[in-house]
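Enquirer: Chain by chain, the residues run as shown.
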Amino acid sequence: MEKEEIIRQKYEARQQLLKTWPGMNEDAKNNIYKEIQTDHQKLIVLEPQAEQGRRQTLLKLRADLEKQQKDLQDIDALLYRQMTTPLAPKPNFLKNLILAFVVGGLICTVGQLIMNLFMANGVVEKDAGTATSTLLIFAGAFFTGLGVYDELGKRAGAGSIVPITGFANSVAAAALEFKREGFIYGVGARIFTVAGPVIVYGTLISILIGLVHYF
Amino acid sequence: MATNKAGKQTLIFPYAPVIFSWGTVVGPMEGQGPLSGYFDKIMENDLEDGDKSWEKSEQGMMQHSMEFALEKVGLTGENLDFYLAGDLLNQIISANFTARFFDVPFLGIYGACSTLAEGMTLGAALLCAGYADKVGVSVSSHHETAERQLRMPTEQGVQRPLTAQWTVTGAGTYLLSAAGGGIRITSATVGKIKDLGVGDANDMGTAMAPAAMDTLKTHLQDMNRKPEDYDLIITGDLGVLGLNILKELMRQEGYSVDNVSDCGVLIYKPEQDTHSGGSGCGCSGVVLSYILQKMLEGRYKRVILLGTGALLSPTSSFQGESIPGIAHGVVFEYS
Amino acid sequence: MELLLKAFILGGVICALGQILMDFTPFNVTPGHILVGYVTVGAVISALGWYQPLIDWGGAGASVPLSGFGHLLAQGAIEGVKKNGLLGAIGGGIEASAVGIAAAVIFGLLTATFFKPRG
Chain S
1 MEKEEIIRQK YEARQQLLKT WPGMNEDAKN NIYKEIQTDH QKLIVLEPQA EQGRRQTLLK
61 LRADLEKQQK DLQDIDALLY RQMTTPLAPK PNFLKNLILA FVVGGLICTV GQLIMNLFMA
121 NGVVEKDAGT ATSTLLIFAG AFFTGLGVYD ELGKRAGAGS IVPITGFANS VAAAALEFKR
181 EGFIYGVGAR IFTVAGPVIV YGTLISILIG LVHYF
Chain R
1001 MATNKAGKQT LIFPYAPVIF SWGTVVGPME GQGPLSGYFD KIMENDLEDG DKSWEKSEQG
1061 MMQHSMEFAL EKVGLTGENL DFYLAGDLLN QIISANFTAR FFDVPFLGIY GACSTLAEGM
1121 TLGAALLCAG YADKVGVSVS SHHETAERQL RMPTEQGVQR PLTAQWTVTG AGTYLLSAAG
1181 GGIRITSATV GKIKDLGVGD ANDMGTAMAP AAMDTLKTHL QDMNRKPEDY DLIITGDLGV
1241 LGLNILKELM RQEGYSVDNV SDCGVLIYKP EQDTHSGGSG CGCSGVVLSY ILQKMLEGRY
1301 KRVILLGTGA LLSPTSSFQG ESIPGIAHGV VFEYS
Chain E
2001 MELLLKAFIL GGVICALGQI LMDFTPFNVT PGHILVGYVT VGAVISALGW YQPLIDWGGA
2061 GASVPLSGFG HLLAQGAIEG VKKNGLLGAI GGGIEASAVG IAAAVIFGLL TATFFKPRG
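Chains as they are written, first to last, in the working numbering: chain S, 1 to 215; chain R, 1001 to 1335; chain E, 2001 to 2119.
Heads up, some of the hints might be wrong.
Stated by the list, open to error - The calculated BS3-like cross-link candidates involving lysine-lysine, where the alpha carbons are at most 30 Å apart (straight line), are:
no.	chain 1	residue 1	chain 2	residue 2
1	S	Lys29	R	Lys1192
2	R	Lys1052	E	Lys2116
3	R	Lys1192	S	Lys179
4	S	Lys34	R	Lys1194
5	R	Lys1192	S	Lys70
6	S	Lys29	R	Lys1269
7	S	Lys42	R	Lys1008
8	R	Lys1217	S	Lys70
9	R	Lys1301	S	Lys90
10	R	Lys1041	R	Lys1294
11	R	Lys1294	S	Lys70
12	R	Lys1301	S	Lys29
13	R	Lys1008	S	Lys70
14	S	Lys19	R	Lys1194
15	S	Lys29	R	Lys1217
16	R	Lys1072	S	Lys42
17	S	Lys67	S	Lys42
18	S	Lys29	R	Lys1294
19	S	Lys95	R	Lys1269
20	S	Lys19	S	Lys29
21	E	Lys2006	S	Lys179
22	S	Lys19	R	Lys1301
23	R	Lys1226	S	Lys34
24	R	Lys1301	R	Lys1217
25	E	Lys2116	S	Lys126
26	S	Lys67	R	Lys1194
27	R	Lys1217	R	Lys1194
28	S	Lys10	R	Lys1269
29	S	Lys154	R	Lys1005
30	E	Lys2082	S	Lys95
31	R	Lys1192	S	Lys154
32	S	Lys126	S	Lys67
33	R	Lys1269	S	Lys90
As the list claims (entries may be wrong) - Anything over 12 Å on all C-beta distances counts as not near chain E; from chain S, calculated:
no.	residue
34	Tyr11
35	Arg54
36	Lys60
37	Gln68
38	Cys108
39	Ser133
40	Thr134
Since the hints were made in silico from the structure, they are not lab data. Backbone N, C-alpha and C fix where the C-beta goes; we use that ideal spot for every residue, glycine too.
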C-alpha cells in the first residue's frame, strides 16, 4: 500500500472521533494531535517527489489533515470557552449605558448651545452648524492634549466616542502619540490611524450615494 | 543521555545556582501599590526627567536595575560571564540597548511575560553546565510603550475591558552565581505552547492559564510532587481572571489551590483600577524580588514561579490569530 | 430650552446605541468600528431621507454625533449631483465635509505640536 493510502485510512478513522472528542482525556487527545502532525510531516516530504497526478492526491490529503487538525482544535477551544465564560467578570451594562447616554447627550447639548449662540448673532443655520462642528473638534483635540479626554472616555465609552469630539480625539491622540517618531513619519503619517478609515469609507459611501442619485 | 533531566521537561540543577543579588526599578503607579517598600527605586514619573521618550525611560529602568544589582555586591558588568535580557518591545530594544552599557557577552531572549523565568532557566543551565560563574538576567516592561505598541494610542478615550491587564512599568535584574549561599534555583520546567483559541489581546489571562496548568502539572509529575510541597505557587502573570481559571483547572485535576497566587494580582491594590491586574515582563520581574525577600525572612522555603507569556504580536492580533500561551516553571529554595 | 432638552435626549440615545453595539455584540467592536459604522450608516439613512427629520427635531442631538457627519457627506453628494452632475457626485460629499476634516487635521497637528503625551 502506498504511504498516502495508509495516511488516508488513519485520517478516516480519526474522523469518527470528532463526535466523541469532547469526552476524551488529555493524553489521548495529545496522541491524536501527534499522529496528525506525524502524518503531515510525511506528506510534506512526499509532495515534491510526486508526479502531477499523485501530487494532487497528496495535496488534497494534506488539506484534509490540516482541516481535521483545525476542527479538533476548534472543539477544544469551544470547550475551554464554555468553561471560562462563567468566570469572566461582567461589565456593568446599565451603568455603561446610562453614562454613555448622559455624556453623549451633554456633549450634544453643548453643541446646541453653541449653535444657538451663533444663530442668535445672525449666522445662518448651515454655517452655524459648520462653525459648531469646528469648535467641538477644537475642544475634542484640546482636551485630548490636556490628557482629560481619555479619562472621560474610560467612563463614558460610546458617549465620548460617537460625538464629533470623539473623532477629534482619535485624530489628536494618534498624532500626539507618535510625536516622538518625528513630524513626517510620526505625526503626519499616524494622524490618520483612526480618522483615515472614517474618511476613506465616508468618501466611498458619499460617492456611491452621489452615483445612485446621478443615474 | 540527559543526566540532569527529570521526567519529560524538567531540568534538575545538581549544583543549584544562587541568586546573590538583585535590583528593581518601578514606575510611580507600582510605587503606590502594596509592594512599594520592596523596590530599590520608584520613579517619580513614567517619563524620567531628561528622557526624550518612554522607550528611553524603559531602557533606563532596565539599566538602573542592573546597576543596583551590581553595585550592591560591588561588581561591574565585566564580572559577569553572560547577560540574558528581554522585554516586550519589537526586537527587544530595551534589552539590546541596555547591553551596550555593560561590557558583557549578551544573549537577547523573548518570552513575553515569561521572559524572567526563561532567562533564569537558561542562566541556571549555563552555570550548572560549567560555562559560567556568574550570570545576569534582566527584564523590563513599561505601560506606555507596551500600550502604544500592542493596543491604542494612550490618549485615546476608550473603555478598557474588565478582563484587560495593566502592563507594569518596572524592571528587575537578578544575578546568579555557581557558588556561595542563599536562595537557590533547584529545578526548572520548560513549558510547551498551549493555544486554546483565545484571540482577544485584552484577555491574556484566559489565553495563558492552560499553559500555566500544563507546565505545573508536568512539573509536579516530573518531580513526583504535590502542590502542597510548595509554600507558594506563583504565576507571573495571569491576572485576576487568569488566576481564577487556573484555580478552576487545578481543582478539576484534584489539586489544592490554597497556596496559589499571581504576580499581577499582588502588585496593585484593587482600588488602583487596573481591572484584571498587572502584566508584562516587569511584573514578575519586580514581584519576584518581594518573594525572595519574604524567603530570606523565612516565610517561604520552597516557591515555584510559573512565568506565563502571551506570545502575540500586534500584527497577529489584527490578522485574527489566536494567542499562543507559554509557561516556564522555576523553583526557588531557601533553608 | 426645549431644543436643548431634545438635543440632549436624541444625542444621548444615539450614543447609548453605540454603547449597546460595543457591550452586547459578540464581536470586538473598537472605536474605529464605531466611528466608521456611524458615518456610513448615517450617510445611508440620510440618503434615504430619514436623517433630516431627526435634525429638524433634535438639532445638535443629531448633527453632533458622527452619523451627522455621514449626513453631511450624503447631502453633499446629492447637492453635488444637482449642481455639477457626475463630478458633483464624486466630489460633493468631500466638499461638504471639507471644513470638518480640515479642522480635525489642523487641530490634531496643533495638539501634537503644543502638548506632550502623558499616558
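Enquirer: Does Tyr11(S) really sit off the interface, with its C-beta more than 12 Å from all C-beta atoms of chain E?
Expert: 32 Å, holds
Enquirer: Between Lys67(S) and Lys42(S), is the straight-line Cα distance small enough, at 30 Å or below?
Expert: 17 Å, holds
Enquirer: Taking only the CA atoms, is the gap from Lys2116(E) to Lys126(S) under or equal to 30 Å?
Expert: Roughly 35 Å separates the two Cα atoms, so the pair is violated.
Enquirer: Run the distance test for Lys95(S) versus Lys1269(R): straight-line Cα separation, threshold 30 Å.
Expert: 23 Å, holds
Enquirer: Straight-line Cα separation of Lys1192(R) and Lys179(S) no greater than 30 Å?
Expert: Not OK: Lys1192(R) and Lys179(S) at ~40 Å, beyond 30 Å, violated.
Enquirer: Between Lys1072(R) and Lys42(S), does the CA-CA distance stay at or below 30 Å?
Expert: 56 Å, violated
Enquirer: Hint check: Lys1052(R) vs Lys2116(E), CA-CA at most 30 Å. Holds or violated?
Expert: 11 Å, holds
Enquirer: Does Lys19(S) pair with Lys1194(R) here, judged by a C-alpha cut-off of 30 Å?
Expert: Distance ~23 Å between Lys19(S) and Lys1194(R) Cα, so the pair holds.
Enquirer: Please work out if Lys1192(R) and Lys154(S) have their alpha carbons no farther apart than 30 Å.
Expert: Violated - the C-alpha atoms of Lys154(S) and Lys1192(R) are around 37 Å apart, more than 30 Å.
Enquirer: Quick check for students: does the CB of Gln68(S) sit more than 12 Å from each CB in chain E?
Expert: 26 Å, holds
Enquirer: A cut-off of 12 Å on Cβ-Cβ distance, and Cys108(S) was said to be off the interface with chain E. Does that hold?
Expert: 3 Å, violated
Enquirer: Would you mind confirming whether the straight-line C-alpha gap from Lys67(S) to Lys1194(R) stays at or under 30 Å?
Expert: 19 Å, holds
Checked against the numbered hints above, the structure breaks hints 3, 6, 9, 11, 12, 16, 18, 21, 22, 25, 28, 29, 30, 31, 32, 38, 39 and 40 and satisfies the rest.
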